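J.: Below are the chains, spelled out letter by letter.
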Amino acid sequence: MHKKLLLGVEAIGQGAIDAGISGVYAYPGTPSTEITEYIQENDVAIARNIHRQWSANEKTAMEAALGMSYAGKRTLVCMKHVGLNVAADVFMNIAVTGINGGMIIAVADDPSMHSSQNEQDSRYYGKFAMVPVLEPTDQQEAYDMAIAGLELSEKTGVPVMIRITTRLAHSRSGVRLIETAKEENKISLPKDPMQFVLLPHNARKRYNLLLGLQERFAKLAEESPFNCFEEGEDRSLGIVCCGIAFNYFRENYPGISPYPVVKISQYPLPEKLLFRLESQVDEILVLEEGYPLVEEQLKGFFGRGKKIHGRLDGYLPRAGELNPDLVAAALKIEKQLPQPAAEILVNRPPALCKGCGHHDTYRALNEVMEEYGKGKVFSDIGCYTLGALPPYNSIYSCVDMGASVTMAKGAADAGLFPSIAVVGDSTFTHSGITGLLDAVNEKSNIVLIIGDNESISMTGGQDSSAVGRLESICEGVGVSPDHIHVLESLPKNHELLVSLLRKEIAYDGVSVIIPRRECIQKQARRKRS
Amino acid sequence: MKCDIVLAGVGGQGILSIATVLGFAAVENNLYLKQAETHGMSQRGGAVQSYLRLSDKPIFSDLIPSGEAQLILSVEPLESLRYLSFLSPDGYVITNTTPFVNIPDYPNEEEILKTIRNLPRVVAIDAESVAKNVGNVKSSNMVMLGAASPFIDLPLESLEQGIREIFAKKGEEMIAMNLRAFHAGRAWSERILNR
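Residue numbers (this note's numbering), protein chains in the order written: chain E, 1 to 529; chain G, 1 to 195.
Treat the hints as calculated values from the structure; they're not laboratory data.
Among these hints, one or two may not hold up.
Where chain E lies over chain G, by a calculated footprint (3+ residues, C-beta under 8 Å) [to be verified]:
| id | region |
| --- | --- |
| 1 | 26–37 |
| 2 | 84–96 |
| 3 | 100–106 |
Keeping only pairs whose Cα atoms sit at most 20 Å apart, straight-line, the calculated SDA-like set for lysine to any residue is [as the list claims (entries may be wrong)]:
| id | chain 1 | residue 1 | chain 2 | residue 2 |
| --- | --- | --- | --- | --- |
| 4 | E | K527 | G | Q70 |
| 5 | G | K2 | E | K272 |
| 6 | E | K4 | G | S17 |
| 7 | E | K354 | G | F100 |
| 8 | E | K191 | E | E154 |
| 9 | E | K4 | G | E111 |
| 10 | G | K57 | G | Q70 |
| 11 | E | K522 | G | Q43 |
| 12 | E | K306 | E | R235 |
| 13 | E | K272 | E | K307 |
| 14 | G | K169 | E | R525 |
| 15 | G | K138 | E | G255 |
| 16 | E | K335 | G | S85 |
| 17 | E | K3 | G | K57 |
| 18 | G | K114 | E | Q339 |
| 19 | E | K522 | G | G12 |
| 20 | G | K57 | E | G174 |
All of these numbers come straight from a predicted model, not from anything done at the bench.
Glycine included, each C-beta is placed from N, C-alpha and C at the ideal position.
Make a model of the complete structure from these sequences and hints.
T.: What follows is the structure, encoded as C-alpha cells:
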C-alpha cells in the first residue's frame, strides 16, 4: 500500500483505474473535469489503453459507457451536475435495464455556483432513478468508493452514482492506494438477451425488478462501512452528517463528539441507524451539502414528532455550500468575530484573456447591434459568456448548453429582429446542432455566430470535438453555403466581420458566421510543451 | 504542528506552484495535508485562493474556519486584503506589492499599500524586483514562498527539495534561479523579524 496526494476527483479516477475499468466517458465540466484528465495521463491507463477520449456530450458519454458495460466491462462516466440533465434520459433508463459490467456514474455538484448556472443536488437524481448513491467524506473515501462502487454495481446489477461537491472535488490530500490495479473484465454478453430491450412488456418486468431491489439497497446501506453511528453523551441533540458535512462537524469537535452522530455516505438512507438516533435524542440537526434531501425525508409531510433542524428552518442557509463556520453557528458554538474586511476591497470577477478572439467578435457585434438596440443577442455556456459583463455587455442569455441557437429561433418565431445567437465551437457540437436543424427546417431568420477557438477553454483547453469541421456540419444540417462564412478572428478583420454581420442580418433565413482563432491559452500551452 | 495558510492571487498568477512545494515538504515530513484549490471560471483572471492546511494530527475540514489562518500568503496586494476574515488574531499577512491590474475599478495603489502597512503583522515585499535582482521576474512566486518560509514550521531542506522537484524538468539553471529567489525572499522576512 502506498500513499499519493490526490484531488478528490483524481482519487475517483485512480480508484476506477485500480478497480479495473476499461473505459472512462465524459464531457468536461467544472468541478468534474479532472477525473477524466487524471485517467488520460495515468501510466496504467495508458499502458492498458483504457478508453479515455472526450465525448461530444454527457448523453453520448453515458450511452457509450452503457455499451461498454453491455459488453461486460467496467466503466466510469463523469459529468458535472447539470451534465446529468443532458444525460437524464439514458440515466433514468439504465436504472431499469441494469448493467452487465460494473458502472459508476460520478457526478460533481457545484453548490454556491462557483462555475455553474444552478446548484442542483444530484442525490435527487439518484433517488429518482432508485439507484444506490455514494457520497464521500474525504479523498480516501472518494478512492475507496470508486472501487467499492464498481463491486456494488456488479453485485446489485445497477449503476451506482458517486456524488461529490466542489470542495472535495478540488481539495488535495494523501490517499492510500492498493498496490496493483485489478484486471479488466473479459468481454461477456448479458445473460438475458432481453435485459436491454425496454419494450413496454419487458420494461414493466425490469421496472418491477428494480422496485424489488430497493429493500436490498436499503439493507446494503444499513451495513455499509461508509455509514456509521457514533455515540455521544449529550442527548439534547442528535446530528446527521452527509458526505463532506461530516468534516465540518468534526472540525468543530476534533476530539469526541458531545452529541450522537449518524454519518451518511451511502444511500438510500440507512433507516435503522436513523431510528436509533431518533430514539436517543430530543432534536435532530441535519448537516448536508446541497438541497435539504435528508432533512425533508426525516421531517415527513406533517412534521410531527421530534424537531428536525437544518436548511429548512434557518439553522443553515437554504442556498450555498457549507463551511466550518456555518456548521459552528448551527451547533450554537460561539466564535470570536473575524477581522472585518478591508474597506478598500473591490471584486475581481473573471474576464476574457488579453488577446482572446472572442474579444474581436464582441467588438464587431457591438458595433453592428448599436443600430438595433439592446436585448437581441442570445448566448451560451463557455468563456464567451463573460461577454455579458462590462466592458462588452453584448449578450442577454446563458441558460443551458446549446440554448442560444434555439432561443434565437424561438425569438425570431415571435418576430424579434434581428435575432442573433453566439455559441462556442464545443457548445455547438455538444447541443447546438439539433437546434440549428430546427432553424433550417423552418427557415428561421437568425444569425448564428460560432466563436470557434478550437478548444473547450473554460474547463482548461480540452480537445473540441469537431475542429475544422464546423462549416461542413452546418452545411450538412442544411444551411446554404452562400450564408456560411469563416474568417480569422483578429483585429485586422474587424471591418470584414462587421460587413458580414450586416449582410447576414439583412438576409431572411439561417446564416452562420464562424470567427475562428485558437484559444490563446491553448496556444501558449501547446508552445510550452 | 498545525499551520493553516490562505494562498491568494489572481487566476493565471500560478499560486498553485507555491502550494505544490509546501505540499511536497509536508508529505516529506509525514504531516497531514489538505489543500483546497480554485478551478474553473475564476481561473480566467478572477480572484483565486487556495486553502492549505498542514498538521501532525488528522485534518477534517478542507476549508479553513474564519479567524484561524496563521498566514495569508498573497502574490498580489489587493488580493492580500480579500481574506482577512480568515486570519487569526496573531496571524501574519505576507504579500507581494506589485499590483495586477485587470479590472477597471482597481483601487488607488497607494491606498492599498497604506492599508497593508497598517495591518498589525505584515511582510510586504516587491517580489518582482527581488526576483529580477536574482535572475528572472518569473520566479517572483518563489520569492513569496521564501518570504513566508520563516513562518511555517517545515525544514528548510524539504522546501528546497520541493523547489528542485517542481522545476526538475526545466533544468539545473531554472532550479538554481528559483532557489536564489526563494532565499532572497526568506532573507527579506528574516530581516523584518529580527528588527
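J.: Against each hint, give a clear statement of whether it holds in the structure.
T.: Against the structure, the hints:
| no. | hint | result |
| --- | --- | --- |
| 1 | 26–37 | holds (count 7) |
| 2 | 84–96 | holds (count 5) |
| 3 | 100–106 | holds (count 5) |
| 4 | E:K527 / G:Q70 | violated (39 Å) |
| 5 | G:K2 / E:K272 | violated (38 Å) |
| 6 | E:K4 / G:S17 | holds (18 Å) |
| 7 | E:K354 / G:F100 | holds (13 Å) |
| 8 | E:K191 / E:E154 | holds (13 Å) |
| 9 | E:K4 / G:E111 | violated (44 Å) |
| 10 | G:K57 / G:Q70 | holds (17 Å) |
| 11 | E:K522 / G:Q43 | holds (14 Å) |
| 12 | E:K306 / E:R235 | holds (13 Å) |
| 13 | E:K272 / E:K307 | holds (19 Å) |
| 14 | G:K169 / E:R525 | holds (15 Å) |
| 15 | G:K138 / E:G255 | violated (44 Å) |
| 16 | E:K335 / G:S85 | holds (12 Å) |
| 17 | E:K3 / G:K57 | holds (17 Å) |
| 18 | G:K114 / E:Q339 | holds (17 Å) |
| 19 | E:K522 / G:G12 | holds (13 Å) |
| 20 | G:K57 / E:G174 | holds (13 Å) |
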